[in-house]
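For the record, in the sequence shown the residue sitting at position 114 is 114 according to full-length UniProt numbering, with numbers rising by one throughout.
Hint data in this document are derived by calculation from the structure and do not stem from the laboratory.
For every residue, glycine included, the Cβ atom is placed at its ideal position computed from N, Cα and C.
Each hint should be verified, as a subset may be incorrect.
Beta-carbon label-pair distances, calculated as ranges [claimed, not checked]:
| id | residue 1 | residue 2 | range |
| --- | --- | --- | --- |
| 1 | D344 | P279 | 24 to 30 Å |
| 2 | E298 | K371 | 28 to 34 Å |
| 3 | H306 | R458 | 30 to 36 Å |
| 4 | P279 | P92 | 58 to 64 Å |
| 5 | H171 | E376 | 52 to 58 Å |
| 6 | G446 | K299 | 38 to 44 Å |
| 7 | Q417 | R204 | 56 to 62 Å |
| 8 | N377 | K167 | 55 to 61 Å |
| 9 | A483 | E345 | 41 to 47 Å |
| 10 | R418 | E470 | 55 to 61 Å |
| 11 | H306 | D344 | 24 to 30 Å |
| 12 | G388 | Q65 | 18 to 24 Å |
| 13 | L402 | R458 | 21 to 27 Å |
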Amino acid sequence: MVEFQQSPDAITVNVHFSRADTTILENDSLQISQETQETKELEEDALPVHATDRIFFIDLANKQQTTIPLQIFELEDLEELHLEKNLIENIPGDIHRLKKVKVLYLNKNYIHNICEELGELKYLQSLDLSSNPLSYSSLHIISKLQALRQLRLYDVNLDEFPVEICKCLHHVELLGLSGNNLRYLPKEVVNLRQLKEIYLQKNRFESFPLELCHLLNLEILDLEQNRVSFVPEEIVSLTNLVKLFLAFNNLLSVPDTLHHCRRLTVLDLSNNLLRRLPPSFKQLTEMNELGLSGNNLEKFPRQICHWMSLCLIYLKNTGLQMLPSSFTRLTCIKILDLSENFFDEFPKEICAMENLEILSLDDNQIRENLKELYLENNCLEYLPPSIGLLSNLEIVDCHNNLLKELPDSICQVQGLQRLLVQNNQLFQLPENLDNLQKLQLVLLDGNPMTDPPVEVCRQGNLAIWEYLREKRHQKAKATKIQAWWRGQMVQKGLGIFAELQKLLKKGKKDKKGKEKGKEKPGKGAKGKK
1 MVEFQQSPDA ITVNVHFSRA DTTILENDSL QISQETQETK ELEEDALPVH
51 ATDRIFFIDL ANKQQTTIPL QIFELEDLEE LHLEKNLIEN IPGDIHRLKK
101 VKVLYLNKNY IHNICEELGE LKYLQSLDLS SNPLSYSSLH IISKLQALRQ
151 LRLYDVNLDE FPVEICKCLH HVELLGLSGN NLRYLPKEVV NLRQLKEIYL
201 QKNRFESFPL ELCHLLNLEI LDLEQNRVSF VPEEIVSLTN LVKLFLAFNN
251 LLSVPDTLHH CRRLTVLDLS NNLLRRLPPS FKQLTEMNEL GLSGNNLEKF
301 PRQICHWMSL CLIYLKNTGL QMLPSSFTRL TCIKILDLSE NFFDEFPKEI
351 CAMENLEILS LDDNQIRENL KELYLENNCL EYLPPSIGLL SNLEIVDCHN
401 NLLKELPDSI CQVQGLQRLL VQNNQLFQLP ENLDNLQKLQ LVLLDGNPMT
451 DPPVEVCRQG NLAIWEYLRE KRHQKAKATK IQAWWRGQMV QKGLGIFAEL
501 QKLLKKGKKD KKGKEKGKEK PGKGAKGKK
């Protein structure tokens, strides 16, 4: 997750960690058996009065439904029913007639009470009641759903999680409780031994729920945006953990024992109070995504350089000034966020990143002495606007990439002498590129150029500069003509300016009327005498 909440202008990287269950409605892993019949999706006006076909799937999401249509309860073979994002206030008792239903989505409605009959759905495997004003007293009915595998109760204003559910639902694999007011979990949660995913984001936990360390099958644990100040060493028991989200908490440290979670691939520790990582973390060799943004790190954590599979790393606003030479080992990195730090020169180690796709270096202190930048033979689609800060840059070699455009800021690199961008996907050049007086060589072969056209590009720099100058001249000329034309239209009251002309004329008449109504002081005085 994080949203490390995030977007690109100066290529600002916003973090979206891959998680299996995002807020409210996700893809279920349940595969609905359709035997030899085709699944039929019904709209509200297509529901049959007497259903004779075997219908397994219905989607009535976001249809402004105020009730569940009674015809649905006649579909005895129905296995999956979507009614999310409607105006439903009650679940009718007839729900028990859907004896074969396995998936039921009722999230984002106005349901207050869960009827007793819902507890009779003995084959129900996935239930979503998120974003409803549910009465706590009716939640115990969920505990009767013995076959339940996935339960989502996001944003239902829970202050505590019902003990009955923990005691009775031994097959639950996914539990979504984000966006509530939970401060603790009942000790009975240890009974959920099959639990693989738990989402507790945006609650009020001040300590890590120790009970979770007994859930040995846990693979995804999300405790983001709470008030957790420490992680217990008992987390060592979660050897099946794959994704751990702890961003936006109050962590001063993470336990050394976490390195025993060798299957860990995603770790988000962004926006905490961390200064360093435990040395043993170098053993987490399966790591693929790491978030450390918003921590005041003393120095770059070298343990990371042992994670050869690392693809995404977010180190925004961490106080870093340099990268270690061992950083060059991380050749799999695709996204690297080093923005809002204290780099005063371009990190040369980045040039070894063969698979780098997105680099964010904005808001640093780069006053660069770098003279040559080689990024050829990668899959780059864009260069960061911060390249304009490299005032001493003389050579930029980006041939054999996927560049779609060059940033306008490259026109600020006044020392640039050679620009090698052949075999990309460029179709135009920055319009002020000819202002770079030292630029001697521009190679554009193998690009689908239209502005300037390919035939102009083949003639070399002088022809390109002449084209860019003429383009600016024509643009300025067109602007003047447009301004003159608008002036004429306004004066003559033509087209869309007709009403404006009427207002101008009316204003003049009103002004004349006021002037006539005024008396000259001399005449007024004589008249009174």
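Consistency of the hints with the structure:
no.	hint	result
1	D344 to P279: 24 to 30 Å	holds (28 Å)
2	E298 to K371: 28 to 34 Å	holds (31 Å)
3	H306 to R458: 30 to 36 Å	violated (49 Å)
4	P279 to P92: 58 to 64 Å	holds (60 Å)
5	H171 to E376: 52 to 58 Å	holds (54 Å)
6	G446 to K299: 38 to 44 Å	holds (42 Å)
7	Q417 to R204: 56 to 62 Å	holds (59 Å)
8	N377 to K167: 55 to 61 Å	holds (60 Å)
9	A483 to E345: 41 to 47 Å	holds (46 Å)
10	R418 to E470: 55 to 61 Å	violated (24 Å)
11	H306 to D344: 24 to 30 Å	holds (27 Å)
12	G388 to Q65: 18 to 24 Å	violated (54 Å)
13	L402 to R458: 21 to 27 Å	holds (22 Å)
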